[in-house]
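Taken in order, these protein sequences are the chains called B and L. Throughout, my numbering is defined as the position within the first sequence, counted from one, plus 7. Throughout, my numbering is defined as the position within the second sequence, counted from one, plus 7.
Simulated from the structure, these hints should not be mistaken for laboratory data. Take the hints with a grain of salt, since some may be wrong.
If you want the footprint, here are the derived chain B segments under chain L, 3+ residues with CB under 8 Å [claimed, not checked]:
id	segment
1	42-49
2	80-91
3	144-155
4	198-207
5	231-243
6	300-311
Anything over 10 Å on all C-beta distances counts as not near chain L; from chain B, calculated [said to hold, decoys possible]:
id	residue
7	Glu-137
8	Glu-254
9	Ala-261
10	Glu-290
Just so you know, even glycine gets a beta-carbon here, dropped at the ideal spot from N, CA and C.
Listed below, chain by chain, are the residues.
Number of protein chains: 2
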Amino acid sequence: MSIPGRTDADLSERLLAGDKRALARGISLVEDDDPEGWALVQEVYPRTGRAEVTGFTGPPGVGKSTLMAALVRHARGRERQVAVLSIDPSSPFTKGALLGDRIRLSEHFLDAGVFIRSMASRGSLGGLSEASLQAALLMDASGKDEVLLETVGVGQADVDIIDHADTVVLVLQPGSGDSIQALKAGIMEIPDVIVVNKSDHPLADTMVREIRGILSLAPEGSWRIPIVRTEAAADKGIDELVEKMGEHREHIEAEGTLAERRRRNLENEVMTLAAVRLRRRLEESTRDDAGVRELLEEVVARRVDPATAAARLLERET
Amino acid sequence: MSIPGRTDADLSERLLAGDKRALARGISLVEDDDPEGWALVQEVYPRTGRAEVTGFTGPPGVGKSTLMAALVRHARGRERQVAVLSIDPSSPFTKGALLGDRIRLSEHFLDAGVFIRSMASRGSLGGLSEASLQAALLMDASGKDEVLLETVGVGQADVDIIDHADTVVLVLQPGSGDSIQALKAGIMEIPDVIVVNKSDHPLADTMVREIRGILSLAPEGSWRIPIVRTEAAADKGIDELVEKMGEHREHIEAEGTLAERRRRNLENEVMTLAAVRLRRRLEESTRDDAGVRELLEEVVARRVDPATAAARLLERET
């Protein structure tokens, strides 16, 4: 039996030693919002910060999972330990659409040097960003050389986990017209590396040209954003992608911005976690509360406006 | 001089009477987070709920503003009063990209029966959704028959204002491959009406077919989502779009779901406003606080994990 709020020492030791099952167990605990999971992260946190964390974002269907599989293969060829965390925000209806992609990573399931996990939103408010951050920290603590975070991002969606990455890679494909427009309009943040996957497509050249055009308009920084063509399903372009990711890391290390990024990311994470908890507390304390129901009825009846109702809710709380 | 927390009676009277300048002034007040603005919304709120509120979402560049202009023209032809609220989440760098679109609405600037306003994010946290909701309520109160809310949405971005609409229209164009994939993956919510704009494009048929394919997989509801082809720049397809929007409204009125939608929307708005304020309070109380800086330093030094730091922050607060 474990002491409440404390994890059994064995689990954290095994996790720190790189035991795959301990890592899986730890992630399940944080995913279930189990206090033991939080205690585990607390214990192993001093051992984090050593993994190279790369975030991959981009619209669904561009082949991110296939790209992850190719990158894992590449890393294993260099005997590096890798963990992949895939965040799946798709709705319960169509979940199959994204989960099917996971199969592409299955060749690595039996490899002790590879850990793969996917997390779905399950409709829990804010819970996903919280759990995924904790999971990424556990992966880092378990001694992985690389942590790859995969998330769907189109526009400025809640890509919180991406904010945990040292290097952000945007994956597009020929036909990613909406993302190009979003980049152009400044709605999508400029990443560190851009990948055009499925580059055997006849429109790949046009896409690369369009991206180049947009990047030429962006304010010039010290890092020139590379555009890498890959054909992940055929293992093409992966060497170059790994090289560019490495160059970006060297660049931010040399410049001193890696430490700065991590500081900013960690500070954001603290604030985000605090805000998520505040909102959850608010929702818990108001759910099934007769006074709140009455207040909401007043809003629906157009007697109390939403802002005033929100203010009253907060007064009740404090 | 106005009494703090109260608006001058004249402003609310003029706004309720449909005075364009009073409406503009009111929106500026809420945009500036002026207490007079909140008081104004509070006063006029009982007079809201009469406008037909339609939300238009979709990736940038598909021609939403041109479509708005065509819809305004159409509404004016039937002597209906219209207000348009455009939400512009683009970054300060590239602001021009979206603001340029506003020019397409300029033909209506001098028409007393039309009110057009655009709001940019200005980087204020949560402030945009708060201000835009208040602005939409003021437009409604000012006696407009229709309120058109235009926002950029790709994936599950923070399209809060769309949640205020009775009818949601998703605008795509041939080449909107990423949005199609997002719909397919269940990452983008299924709207009430889908528009394929720029339908003179050779790939428009393919796009319509793809959308139809996706919709056929969605769980069947009582409303069959129409796909309307428009060529907004040439005023084509607008009659049909207006007809479909009208049919949707009739459908939800007949079914009784309009009231239900509005109830759900208003309840969400109250919770969102409360959560935004909670977060703002938290940020204000921690900014420039030496204790918080120290705590964050502990996180950066990997001595205190982010979740524990968040919990400590919240303890300080309460």
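Quick rundown of the hints versus the structure:
With a threshold of 8 Å between beta carbons, the proposed coverage of the segment 42-49 of chain B by chain L holds, since 3 of its residues qualify and at least three are required. Only when three residues or more bring their CB closer than 8 Å to a CB of chain L does the claim for the segment 80-91 of chain B stand; here the count is 0, and the claim is violated. Restraint check on the segment 144-155 of chain B versus chain L: 1 residues with Cβ-Cβ distances below 8 Å, three needed, restraint violated. With 0 residues having a Cβ less than 8 Å from any Cβ of chain L, the segment 198-207 of chain B misses the three-residue criterion, and the hint is violated.
Coverage of a stretch by a chain is defined here by at least three residues with a beta carbon nearer than 8 Å to that chain's beta carbons; for the segment 231-243 of chain B and chain L the count is 0, and the condition is violated. Check on the segment 300-311 of chain B: 7 of its residues sit with their Cβ under 8 Å from a Cβ of chain L, so the three-residue criterion for coverage holds. The beta carbon of Glu-137 (chain B) sits about 8 Å from the closest Cβ of chain L, which is not more than 10 Å, so the claim that it is off the interface is violated. With a minimum CB-CB distance of about 24 Å to chain L, Glu-254 (chain B) clears the 10 Å threshold, and the non-interface call stands.
For Ala-261 (chain B), the shortest C-beta to C-beta distance to chain L comes to about 20 Å, beyond the 10 Å cut-off, and the non-interface label holds. Not every C-beta of chain L lies more than 10 Å from that of Glu-290 (chain B), the closest at about 7 Å, which undercuts listing it as non-interface.
Of the numbered hints given earlier, the model fails hints 2, 3, 4, 5, 7, 10; all others are met.
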